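Novice: Chain by chain, the residues run as shown.
Protein chains: 2
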Amino acid sequence: MTMLHDDTDSEKKACILATAERLFREIGYLKTTVADIAKTLKMSPANIYRFFDSKKAIHEGVARRLMNEVETEAEAIAAKTTHPAVRLRELLSTVSRMNAERFVGDAKIHEMVAIAMEESWDVCEAHIQRITMAIASVIAEGAKTGVFKVTDIELAALSTCTAMLRFFHPQMIEQCAKKPGPTLDQMIDFILAALTLSASGTIPGSSGAGKVSHV
Amino acid sequence: MTMLHDDTDSEKKACILATAERLFREIGYLKTTVADIAKTLKMSPANIYRFFDSKKAIHEGVARRLMNEVETEAEAIAAKTTHPAVRLRELLSTVSRMNAERFVGDAKIHEMVAIAMEESWDVCEAHIQRITMAIASVIAEGAKTGVFKVTDIELAALSTCTAMLRFFHPQMIEQCAKKPGPTLDQMIDFILAALTLSASGTIPGSSGAGKVSHV
Numbered sequence: 001m002t003m004l005h006d007d008t009d010s011e012k013k014a015c016i017l018a019t020a021e022r023l024f025r026e027i028g029y030l031k032t033t034v035a036d037i038a039k040t041l042k043m044s045p046a047n048i049y050r051f052f053d054s055k056k057a058i059h060e061g062v063a064r065r066l067m068n069e070v071e072t073e074a075e076a077i078a079a080k081t082t083h084p085a086v087r088l089r090e091l092l093s094t095v096s097r098m099n100a101e102r103f104v105g106d107a108k109i110h111e112m113v114a115i116a117m118e119e120s121w122d123v124c125e126a127h128i129q130r131i132t133m134a135i136a137s138v139i140a141e142g143a144k145t146g147v148f149k150v151t152d153i154e155l156a157a158l159s160t161c162t163a164m165l166r167f168f169h170p171q172m173i174e175q176c177a178k179k180p181g182p183t184l185d186q187m188i189d190f191i192l193a194a195l196t197l198s199a200s201g202t203i204p205g206s207s208g209a210g211k212v213s214h215v
Numbered sequence: 001m002t003m004l005h006d007d008t009d010s011e012k013k014a015c016i017l018a019t020a021e022r023l024f025r026e027i028g029y030l031k032t033t034v035a036d037i038a039k040t041l042k043m044s045p046a047n048i049y050r051f052f053d054s055k056k057a058i059h060e061g062v063a064r065r066l067m068n069e070v071e072t073e074a075e076a077i078a079a080k081t082t083h084p085a086v087r088l089r090e091l092l093s094t095v096s097r098m099n100a101e102r103f104v105g106d107a108k109i110h111e112m113v114a115i116a117m118e119e120s121w122d123v124c125e126a127h128i129q130r131i132t133m134a135i136a137s138v139i140a141e142g143a144k145t146g147v148f149k150v151t152d153i154e155l156a157a158l159s160t161c162t163a164m165l166r167f168f169h170p171q172m173i174e175q176c177a178k179k180p181g182p183t184l185d186q187m188i189d190f191i192l193a194a195l196t197l198s199a200s201g202t203i204p205g206s207s208g209a210g211k212v213s214h215v
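If you read the sequences in order, they're chains A and B.
Start counting the first sequence at 1; every next residue gets the next number (full-length UniProt numbering).
Start counting the second sequence at 1; every next residue gets the next number (full-length UniProt numbering).
Honestly, I wouldn't trust all of these hints.
Note that identical chains are pooled: a pair holds if it fits in a single copy or bridges any two copies.
Stated by the list, open to error - For lysine-lysine, the following BS3-like pairs were computed, each having C-alpha atoms within a straight-line distance of at most 27 Å:
(1) K108 <-> K179
(2) K55 <-> K31
(3) K179 <-> K56
(4) K55 <-> K12
(5) K12 <-> K149
Rather than coming from a laboratory, the hints here were simulated on the basis of the structure.
Keep in mind the model is a prediction, meaning the values are calculated, not measured.
Make the full structure from the sequences, and use the hints.
Specialist: Pasting the structure below:
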């Protein structure tokens, strides 16, 4: 049995996650056992357990890795120096596309996503928070330069994420794909309009819930 | 066996749907049989089949009735003479509340909703369309009086519905209830801001997908 002695621990962990991800996608999460992963890697199950407590921990590692790719890209776009509105459009489109590529597909992928959302919500929540923070940093810059008329940056970022649910949430991307609705670009236009509104308190229907203060 | 001879056909249909709904909520859709519904009503199954072809047809009838209550209320609000922004807020809040009351709850209600969305999408789609039309009529009036700066009414209504997904979609209402995010009123503020934007083409990030023309 090859024990991959030459690899560092972090390389071994990466191998385990990559192999687990492939098996989850091919066989399905529920049907994949730690023994299957070990066998594919020519490792002993005990060796796998040295790195991951449980199959759930492996699943979380896989989910975190996939989500991290999206977060890294979102943060790279947020750090650009393009016009804030242009940058926000690029960021929102990219997250939508990357989520669709990673988390939408056949029943086996649904299973992985549903289990992540049910059993490892904290992992999903941390992901949503990092994406929201990247969005917030672009909105903050736009607010500073007067492009966006927003005072509560965090609320504006949360509202933007919520408005993007159809294009961000794996189950909604899947369910809404062929349903009537705005295109991704049209939805982003709508969001940019909300962020760009320059008159405050002039909306008679304004709730006075107030924290969306458009100055 | 009481055959409810005194009732009209439409009364009998209403009785069957009301009883079916109760059993679906209590026992679950999959476990409820047409025989159960018949027995509860002291009717013969054959008599039920005189009104509904199949259990699926009963389920669709139940779904249509529940959705119709929401549509009727939305249309009544749309027909009011209040300020369009105030009216739109009332309409969006009411749909959100009524959907939560009807379609969110325990596993048996999830089952009913999931089956409706998988097997009777046309019923759901007709419902979404009627709600969107009620929203569109309020936006149209706001646009005519200059409250909303929107030229493509249909797109604005679809974008509004899409932005409300967290508060309209039964599965999202359930899943997001305790998650960070804007309140219902804050989300409506965000949408009203998008509809109220008065400057067109001044958003550098504008996609030129163009159909959200804010004049």
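Novice: Report the numbers of all earlier hints that the structure fails to satisfy, in ascending order.
Specialist: 5
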